[in-house]
Structure formats: structure tokens, C-alpha cells
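Undergrad: This is what each chain is made of:
There are 2 protein chains.
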Amino acid sequence: MRKIRIDANTYVYPNPVTLVGTKVEGRANFMAVGWVSRVNRKPPLIGIGVNRVHYTAKGIQETKTFSINFPSADMAESVDYCGMVSGKKVDKSNIFETFYGSLKTAPMITESALCMECKLFDTVELPANHFFIGEIVTCYTEEKYLTDGNLDIKKMNPLLLTMPDKSYWTVGEYAGKAWSIGKKLQR
Amino acid sequence: MRKIRIDANTYVYPNPVTLVGTKVEGRANFMAVGWVSRVNRKPPLIGIGVNRVHYTAKGIQETKTFSINFPSADMAESVDYCGMVSGKKVDKSNIFETFYGSLKTAPMITESALCMECKLFDTVELPANHFFIGEIVTCYTEEKYLTDGNLDIKKMNPLLLTMPDKSYWTVGEYAGKAWSIGKKLQR
Chain A
1 MRKIRIDANT YVYPNPVTLV GTKVEGRANF MAVGWVSRVN RKPPLIGIGV
51 NRVHYTAKGI QETKTFSINF PSADMAESVD YCGMVSGKKV DKSNIFETFY
101 GSLKTAPMIT ESALCMECKL FDTVELPANH FFIGEIVTCY TEEKYLTDGN
151 LDIKKMNPLL LTMPDKSYWT VGEYAGKAWS IGKKLQR
Chain B
188 MRKIRIDANT YVYPNPVTLV GTKVEGRANF MAVGWVSRVN RKPPLIGIGV
238 NRVHYTAKGI QETKTFSINF PSADMAESVD YCGMVSGKKV DKSNIFETFY
288 GSLKTAPMIT ESALCMECKL FDTVELPANH FFIGEIVTCY TEEKYLTDGN
338 LDIKKMNPLL LTMPDKSYWT VGEYAGKAWS IGKKLQR
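Chains as they are written, first to last, in this note's numbering: chain A, 1 to 187; chain B, 188 to 374.
Source of the hints: derived by calculation from the structure; they are not laboratory data. Small disclaimer: the values here were computed from a predicted structure and weren't measured. You can trust all of the hints, since none of them are fake.
Across the chosen pairs, the derived CB separations fall in these ranges:
| no. | chain 1 | residue 1 | chain 2 | residue 2 | range |
| --- | --- | --- | --- | --- | --- |
| 1 | A | Lys104 | B | Gly336 | 46 to 52 Å |
| 2 | B | Arg214 | A | Glu111 | 47 to 53 Å |
| 3 | A | Lys155 | B | Arg228 | 31 to 37 Å |
| 4 | B | Glu212 | A | Asp165 | 37 to 43 Å |
| 5 | A | Asp122 | B | Asp261 | 36 to 42 Å |
For glycine and all other residues, C-beta sits at the position ideal for the given N, C-alpha and C.
Given these sequences and hints, build the entire structure.
TA: Below is the structure:
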């Protein structure tokens, strides 16, 4: 075995790239977030890891709502910009066309292939971050992103991120059917 | 705007694919987990969403340790098999070559490009799942997966998963430099 040890602060390969939408001090704000995962099926819960000093944390705590938007690769420059500047200093409300759903305080991005409107379910306080768990109330997409009624990742063309090399990636080739190709190994 | 509403139980696009290693009732077990995210930088914390009835949950609760292994796309059949059958019924200890690190009870997969050895930091109890938060103690890789000292996702060739279409995908093309391409939008 040729294993070597590397920094324990190693990231997930790859991180999905999302834009988290909040309303802070009365205006829409968007932050790039790669620390995101579904955490429960019923009710549908999703969590995001956000440093507690971020403007986004303030918005979630104030409104108890947020959105998670999946940008396509052609939005990469705007996504990157949202990850570089803080809403404390820069007004990010006009970078994207936005809309609101039933929660009224979770701004969503019209150009985004998939928008999840979330209401705060729980906040896990960690040493530096809050892990905000939201219940997904409504998901929004457009017909053009669907194939046979399901979201089609090749039509969505989402962004991936790797760290610490700070690189964006697209999704590549189809690599097999889940809950299926493993049957070969069943006896 | 042509937005339509879809099922609130919509997944992250895409989910990274990992194999979570545990020692349960004395033997190594591996479960396919796509609900995974880093949640804190210092200390390096990572969380996984696992249904509380899973054999893996039992192993984590017993040993307070687990591993997260990133399989390459050529391991897709074995990964899928690990997602289809429960360690309660099937011995999955011999599917992969395994090794142990300093924690002694977190089996890792030799064929995996990246293995994270974790000790349980916190358990968030959700309606159906436990969200297990682990502190990453050590990460293991091999020289062949590195470029300029960093993990190279194209050499790792990890798997992605989309649901509900149950499809595996590979990582595609490089799509730009993070914390860089957004500078065009700065005034």
C-alpha cells in the first residue's frame, strides 16, 4: 500500500456549487455555498454550512428562511463574484433576476435551473460555522430542464468546485444506473 | 418567468458519491452515502446523513468513528452493490481491500483515491436520519492522485449521483478558476 497522509482539512470531491439566497436588511443577497447536503427525506431537509460571521447567516437568523439555487456553468462568473464579495459591503441584489415564493423572504434566482425555497428547521452551532437545516417547502424549475418529468443534469449543467485548487468543473459522462449495475455482484 | 413547481423532495445536483466505512459487530462494513458535506473548517468537520435504521448508524454509535472513502468511477459496480444490500444481511467486509489508521475502528478502502478517517464529533437527530458530524483526523491518498501537491479530481475520477433518475456521472471539463473569474464583475 502506497498511502500517504495529507492535510485533514481536505474537502469533498467535488462540492456542488449553489447560491444561497437571503433577505438581509430588506434586500436580496446571494452567497456561493459548496457545503450543502440533503439530510432527511421526510420531511425533505437540506443543510448548509455557513460561517457565522457571514451576512447570509444574519439573513437566515432574521427571516428564518433561505433559498438554495443551482446555477448553470454559464453563470460561473456571477457565482464566483457572489463568493468573493460580502453583502455587508456590496449590494448583490441586482446581479440576478429574482423572484419570491410563498415564504416571501427567500429570494430565488430566475436564471437558476433549480431553486429550493426553505424554511429554517434547525440550526446546529459548530465551532466556526452554523449548519443551517432547512425544510424544503417548494422547488422551482422550468420545463426545459426536464426529461421524462425529472430534472436532467445535462440540461441543468450545474457547476462543481474543488478545493484547495480553487477550480470549477462541469458534470461529464453518464457512468451507469444506480441500484442496478451492482446487481452483478449479488449471488 | 416560466417556473413550475416540482416535488419538494428534490435532491442536490449532483450528490458526490462516497462509501462510509464502519466496524459493526467486529467486521468492516461499507455503505454508499451521497448525503455528505463539510460543515466546519477548524476543526475540520464533515457530516453525513444516514437513516437511523442502517447498520452503518449502529457502527458509528458503537465505535464513535467512521471513514469516508471517495471511490473512482471504475469502482461503480462495487459502490452500487454497497448501496443495494445491508450489512445486516450481507458481509461486505471482503468487497474491498481495507486498512486502518490511528483510530483502529474506521475501516478504509485501499482502492479509494481519498480516505478520511473521522472521529464522531456530534450527532444531530433528525426525524428519520442521524446527521453524523465527524472530525477528520487523517486523510489518506497516493502520490498518483496528486498534481502540484494537491488532489487532482481528474486523476481521482470520482462518481456523482443524481436522483430520482438513479444515474451515476463522472466529472467533466474544467470550467474556470474560483475566487478569480468573478473579478470581471468587480468595479
